[in-house]
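> Letter by letter, the chains look like this.
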Amino acid sequence: MALDDRVVAIFDAFQSGRLTRRQFAKRLAAAGFASSAVAAFLAACGSSSNPTTTPVKGASSAPAAIPATSAPNPTPAPAPTPAPAPTAASASTTSAASPATDAGILKSPDPNPKRGGTLRLAFGVTTSNYDMQQGANAAVLCHLYSQLVRLNLVDGLKTIVPDVAEKWEVAPDGLAYTFKLRSGVTFHDGTPLTSADVVATYNRMISPPQGVVSLLKDRYSTVAKVEAVDPLTVKFTMKEPSAIFLLLLTDTTQAIYAKKTLDANTNDLRKVQVPPGTGAFMFKEYKEAEKWTLVKNPNYWNKDLPYLDAVELIHVPAWSDRGTAILTGQADLSWNVSKETWDEGAKKTDTIKTNRVTSFSAYQVIINAKQKPFDDPRVRRAINLALNKQGLIQAYITQEQIDLTRWVPHGGEFATPRDKIATLPGYRPDKTQDVADAKKLLADAGFPNGIQGVELLSASVPPHAEIMSPAIQDQLKRALNIDIKIRVAERSLLVEDEKAGRFTLVLDTPGGPISDFSPIGNTYFKTGGSQNFGGYSNPKFDDLLKQSDRELDSAKRRALLDQMQDLLDQDPPWLFIGYTDHLLMWRAYVKGLALDKRVQLEWGRVDTAWLDK
Amino acid sequence: MRRLLTAIPTIFGITVLIFVAMRILPGDPVASIANEGGGGQYVLSKADLAAARVSLGLDKPLPQQYISWIADVAHGNLGHSFWNKEPISAVVLRRGTISLEIALLAVLFSWLVGVPLGILSATRRNSWLDNIVRLFMTMFLAIPSFWIGLSAILVLVLVFTWRPPLTIVQVWQDPVRNMQMVIGPALALGLGLAATLARMTRSSVLESLGEDYVRTARAKGVREMLVISRHVFRNALLPVVTTSGVALGGLIGGAVATETAFGVPGLGTYLVQALSSRDWMVIQNLVLLYAVVFVVINLIVDLSYGWIDPRIRYQ
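Chains as they are written, first to last, in this note's numbering: chain A, 3 to 615; chain B, -2 to 312.
Treat the hints as calculated values from the structure; they're not laboratory data.
There may be inaccurate statements among the hints.
Unchecked claim - Quick partial rundown of chain A residues pointing at chain B, CB under 8 angstroms, derived from the structure:
no., residue
1, Lys286
2, Glu290
3, Thr326
4, Thr330
5, Gln332
6, Gly448
7, Ser494
Stated by the list, open to error - Computed list of lysine-lysine pairs in DSSO-like fashion (alpha-carbon distance at most 30 angstroms, straight line):
no., chain 1, residue 1, chain 2, residue 2
8, B, Lys57, A, Lys273
9, A, Lys615, A, Lys289
10, A, Lys501, B, Lys57
Every residue, glycine too, gets a C-beta built ideally from N, C-alpha and C.
Produce the complete structure using the sequences and hints provided.
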């Protein structure tokens, strides 16, 4: 019996808590599932208020659930604006093996997909080079490649499914991941995919050879080695267990390159336009800063895909232009449009669809914790308490959508729910007590009358320099009598000053590649983190982070992350503003991507897309 | 010939100025590019940056870099941007034709609208028509063309659910879509230029109307239309031609704000993108191109004086 939308709706309702276990069982039975299958689901799902499994779509027999340790832990979270509420949290799988049936054979979640046509995406499609692991624009190039695993396109990116790896196994101690590759997969130039390609790709990332700048090296510091067991089997041996290893592999930068291509170009693909991949689309043409044209791969390993004949990636840097392009039908989909065009699109429900999804970039003021007075955690805590985040979010609303978040972004499985965040000191809308507490902290730190001569470095882009920075300056002056002078610098110069530590406070938009907090914690907050430009150091945090990175049990990991967030609230490295949301907009005839179900950001592949026109 | 010869040291001086300016201005292009590609998530070590600079030829002595550049340009090779394979000359040709179309259409529009309005205003001085024209001039001198563009786009999108094409369509590929792309910015720019030309024409014509030869022509019984077209207009043309030439040179370089307002991928936006990513090769070659275009246009304008005013020719 094949899954249909009715059954998926039953699972969604159970996961979101709208059905009790008894109701869930009854409805599944009514849908034709055998009682043994129902029992198996219930056993895998755990409690009815906190279900942890998601069925695998596309199975031809009673589907097997993904094991309990793997699945997302949905947290209903109402959206802050009148946008459709996200329904579930991230696809964080920890030590789970792959699903028993191949969930990677994706199909459109919308019935009766039509073949043909060209999907036009509008966003910034320039790239500094063509090497995904050396800084190329992954949002552009990802369409040409496959990864070992990926986020599931058809369920709103809620689960991890196989991609070019057919299945995987995880050692019980979490120290080995063995991936079985699909047979018959070929690169666009006809070269068969083998384990040697995966090994070469990952070894280049982990231990970059001379002349290669591996921008992703830090992510795989827990990997001891990658080796080919046989032509279709790859084994990653870990130095220590990693809670996020699989999730890291889902990042769109994790394209598998052919060893042959790497060898032919001394491992440097930056100037190779374009290295062949195994993805659903092939490169046809690129007009610089104008348009990419990608065509269907007739030999794609998923024989049913893609439905489209071609994809055009149109360079539209201005968010408002992206929005007008969708409104006027000049483009079909954009990952992020301006608020006013998104609002306009939200009114045209018959022709346009919209969604608001959480991203992993945040507006923050990085504090130089090595400079007085911000070397004192009381001062850092005081300014965090006094900052009116809701006010800043509102002040910035015409520029970008910032969400009320805590240190873990909302796309993450372990994010604090919005309604709880709004009650916490420093995050709550009523600042009376927070400001009083902040003043006391400043007084205790030796600054009863405020602080003079503080510099805030801001990029010269008008929203930063003319809206956010002055808003912060004004708030801290009014609340705590902190005199801030804003220094504006061009973006590239700001980055240089940041890296050199030549700042007191700097407004920036740092972020992570995935929904999990770990890369953010390791990059920005860990002592000696590669982008810990403020020199923040808290040994307790480092210890909690290390434990959390290794903890494979969701409940225990949640507890550790909660402790870390509490600690960061008390001893903040940043003046925290919030993670941003992206405003997704598309023409109603674009189907197959479950865009309305997406709860987190991915400017990624569109293999299952089709055009209902 | 003399004017042609003076153009050479001018262009040479510009190349030196551009080259030095790019090296003096703060900002590391490699760091900028790495930052752009990674969205701020990545860090390169000092050794990584040094290696990247070597691979781009930035480690060579400055005179050697300059000579290599000039030699390439002299052979028609504008090079590539730091990372992309597409030659800059190909991008310039593709985008430059759009910017050139916009510029030419804007100047044409300004002539078709501005010059007659200027003449009308001058010949009907202090009449209600003159007042209306002067109001038009003041308005469109004051209103920036990008604002006109933004307003136009707003009306087009909200009322007509239409906007200009996003991707370049050359006139020989699809004349209709090409016109849809260029007409908006051309009109927005043309309105401002028309206001300038109208003002200039008005004051030139007024000056000419006071001359003895005009009085003589009228006294001889020449019809007013012929007095204006045959005697006054030609004499009033010089400052108008000069202004048009300067404007054309500037517009070919790309009216960035207007291109941005209409979302047109022209040369102006290309240069701005190169500036923000410190793509020296693109910046150097584009600025050199603009300089050459400016010099050539000024040369043509200078030469046209002789045709318009024979007295200049005899001098």
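> Each hint needs a verdict: does it hold in this structure or not?
A quick look at each hint next to the structure:
Because the beta carbon of Lys286(A) sits about 14 angstroms from the nearest beta carbon in chain B, more than 8 angstroms, this interface hint is broken. A least Cβ separation of about 5 angstroms between Glu290(A) and chain B falls short of the 8 angstroms threshold, and the interface hint therefore holds. At about 5 angstroms, the closest approach between the beta carbon of Thr326(A) and any beta carbon in chain B falls short of 8 angstroms, and the interface hint on this residue holds. Satisfaction of the interface hint for Thr330(A) is found here, the shortest Cβ-Cβ separation to chain B being roughly 5 angstroms, below the 8 angstroms cut-off.
With a least beta-carbon distance of about 5 angstroms to chain B, the hint placing Gln332(A) at the interface is held under the 8 angstroms criterion. Because the smallest distance between the Cβ of Gly448(A) and any Cβ of chain B comes to about 34 angstroms, over 8 angstroms, the interface hint for this residue is violated. This hint holds: Ser494(A) has a C-beta 4 angstroms from the nearest C-beta of chain B, less than the 8 angstroms allowed. Restraint check for Lys57(B) and Lys273(A): satisfied, since their Cα atoms lie roughly 21 angstroms apart, inside the 30 angstroms limit.
In summary, the hint linking Lys615(A) to Lys289(A) is supported, as the alpha carbons are separated by about 27 angstroms, within the 30 angstroms threshold. Between the alpha carbons of Lys501(A) and Lys57(B) the distance comes to roughly 26 angstroms, so the proposed pair stays at or under 30 angstroms and holds.
Going through the hint list in order, the structure does not satisfy hints 1 and 6.
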